[in-house]
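Asks: Sequence:
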Amino acid sequence: MLPTPHPPHPWFLLWAPWGGLGVNTGGWSALPRYSLYARTRLGYLFYQRQVKKARERYPHGHSAPQPCCFPGMKILPIPVLSNNYSYLVIDTGSGQAAVIDPSDPLAVQAAIEEEGVMLEAIFCTHKHWDHSGGNAALRQQHGSCKVYGSTLDGIPELTNPLADREKVRVGCLTFEALATPGHTVGHMVYGLGGPPNPTPLHDRRLHGGPGRLFEGSPETMLASLDVAVGLGEDTLLWPGHEYALECLTFASLLELDNPALEQKLQWVTQQRQEKRSTCPSTLGEEQTYNPFLRTHRPELQAALGLRRGGGEHPDAFRARVLKEVRRRKDLYKAT
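Residue numbers for the sequence shown follow the UniProt record's numbering, beginning at 1 and rising by one.
These are calculated hints, taken from the structure and not from any lab test.
Glycine included, C-beta positions come from ideal geometry on N, C-alpha and C.
It is possible that part of the hints are untrue.
[As the list claims (entries may be wrong)] Capping the alpha-carbon separation at 25 Å, the derived lysine-lysine pairs in PhoX-like fashion look like this:
| hint | residue 1 | residue 2 |
| --- | --- | --- |
| 1 | K167 | K146 |
| 2 | K52 | K275 |
| 3 | K323 | K74 |
| 4 | K53 | K275 |
| 5 | K167 | K53 |
| 6 | K167 | K74 |
[Stated by the list, open to error] Computed beta-carbon distance windows for the label pairs:
| hint | residue 1 | residue 2 | range |
| --- | --- | --- | --- |
| 7 | W267 | R49 | 29 to 35 Å |
| 8 | H313 | Q287 | 18 to 24 Å |
| 9 | R165 | H296 | 21 to 27 Å |
| 10 | Q287 | P71 | 44 to 50 Å |
| 11 | E312 | Q141 | 50 to 56 Å |
| 12 | Q287 | D164 | 19 to 25 Å |
| 13 | E56 | E274 | 30 to 36 Å |
| 14 | A136 | R33 | 31 to 37 Å |
| 15 | S82 | Q141 | 40 to 46 Å |
| 16 | Q287 | E219 | 18 to 24 Å |
| 17 | R165 | R39 | 26 to 32 Å |
| 18 | P259 | P59 | 37 to 43 Å |
Can you make the complete structure from the sequences, with help from the hints?
Replies: Here it is, written out as structure tokens:
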């Protein structure tokens, strides 16, 4: 008999693309460096070099992880590389576990052994090596472990392709895949689902920006962000990168009079001074300071000097706002 599922949790959204490499606002084909990283063996060699350097520089990880425990479940952030996060998600009743984006297989395996759990599944948000590079090594160590993700992305070691809204059981936990293209064409986020109107669990905070548009348009990214926002304000958001301080500092240059943003930036600054993780946040709070989730806000539109054209569809205008925010973020990143 299958184990009895736990009562539904509020939505937990494991979302990777909060940052990236290079500068691009026009799709992957406009950036040869990105193509080399994502589509050739040179990218894998670069990733291996990143892993080696990060292990030497951060022998205990770039941040102090803060596990979160809920009824029947534990989420353990694993700091890897120079700013990435993998996540070990544990069904505490059965001891079965899944890992999200196992970038450094040694760090992930150490967490598995320390927790004393059985790795049943790897969920990959997208193909980039800093999110999928540990798939092969972990499958060698855990022969029955399955690798889930989109077929559109060429994820290494993929065994179980997922479609949008498809669900997977790991122990008593149910993961749901949500197609969110934009960062890559096959990008997915993974939710641990709950009721339509979930209740908040805590008020820990997070970032303020999404990933680069390597393989998608502003319209595509806007639609993907709207999918996430539609899950509800109390959804907990877990990112793939520790970019909170950079993203919020940039956001503060756009909106000069945003009390929620000022308060969050102060909190994040203190956290990072102590090398503490800044995840998770909630989608509700993100909408008060994250410019990529505020494309509908008149104050942000005015700050960017943008006005909706006559006859312009509201979503087309929001995509134009998002494109301008992304352009400015890329320039800010490059300076």
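Asks: Please verify whether K323 and K74 have alpha carbons no more than 25 Å apart.
Replies: 37 Å, violated
Asks: Within 30 to 36 Å or not, the Cβ separation of E56 and E274?
Replies: At roughly 22 Å between Cβ atoms, E274 and E56 fall outside 30 to 36 Å, so the hint is violated.
Asks: 40 to 46 Å was suggested as the range; check whether the CB atoms of S82 and Q141 agree with it.
Replies: 24 Å, violated
Asks: Against the 25 Å threshold, does the CA-CA distance of K52 and K275 hold or violate the hint?
Replies: Answer holds: K52 to K275 is near 21 Å, not above 25 Å.
Asks: Can the suggested window of 29 to 35 Å be confirmed for the beta-carbon pair W267 and R49?
Replies: 34 Å, holds
Asks: Please work out if K167 and K146 have their alpha carbons no farther apart than 25 Å.
Replies: Status holds; Cα separation ~14 Å.
Asks: Given the range 21 to 27 Å, decide if the beta-carbon distance of R165 to H296 lies inside it.
Replies: 25 Å, holds
Asks: Starting from the range 31 to 37 Å, see whether the pair A136 and R33 falls in it by beta-carbon distance.
Replies: 24 Å, violated
Asks: Holds or violated: K167 with K53, Cα cutoff 25 Å?
Replies: 37 Å, violated
Asks: Is it true that Q287 and D164 lie within 19 to 25 Å of each other by Cβ?
Replies: With a Cβ separation near 23 Å, Q287 and D164 satisfy 19 to 25 Å, so the hint holds.
Asks: If I claimed the Cβ atoms of P259 and P59 lie 37 to 43 Å apart, would that claim hold in this structure?
Replies: 39 Å, holds
Asks: So does R165 sit 26 to 32 Å from R39, Cβ to Cβ?
Replies: 28 Å, holds
Violated hints, in rising order: 3, 5, 10, 13, 14, 15; the structure is consistent with all others.
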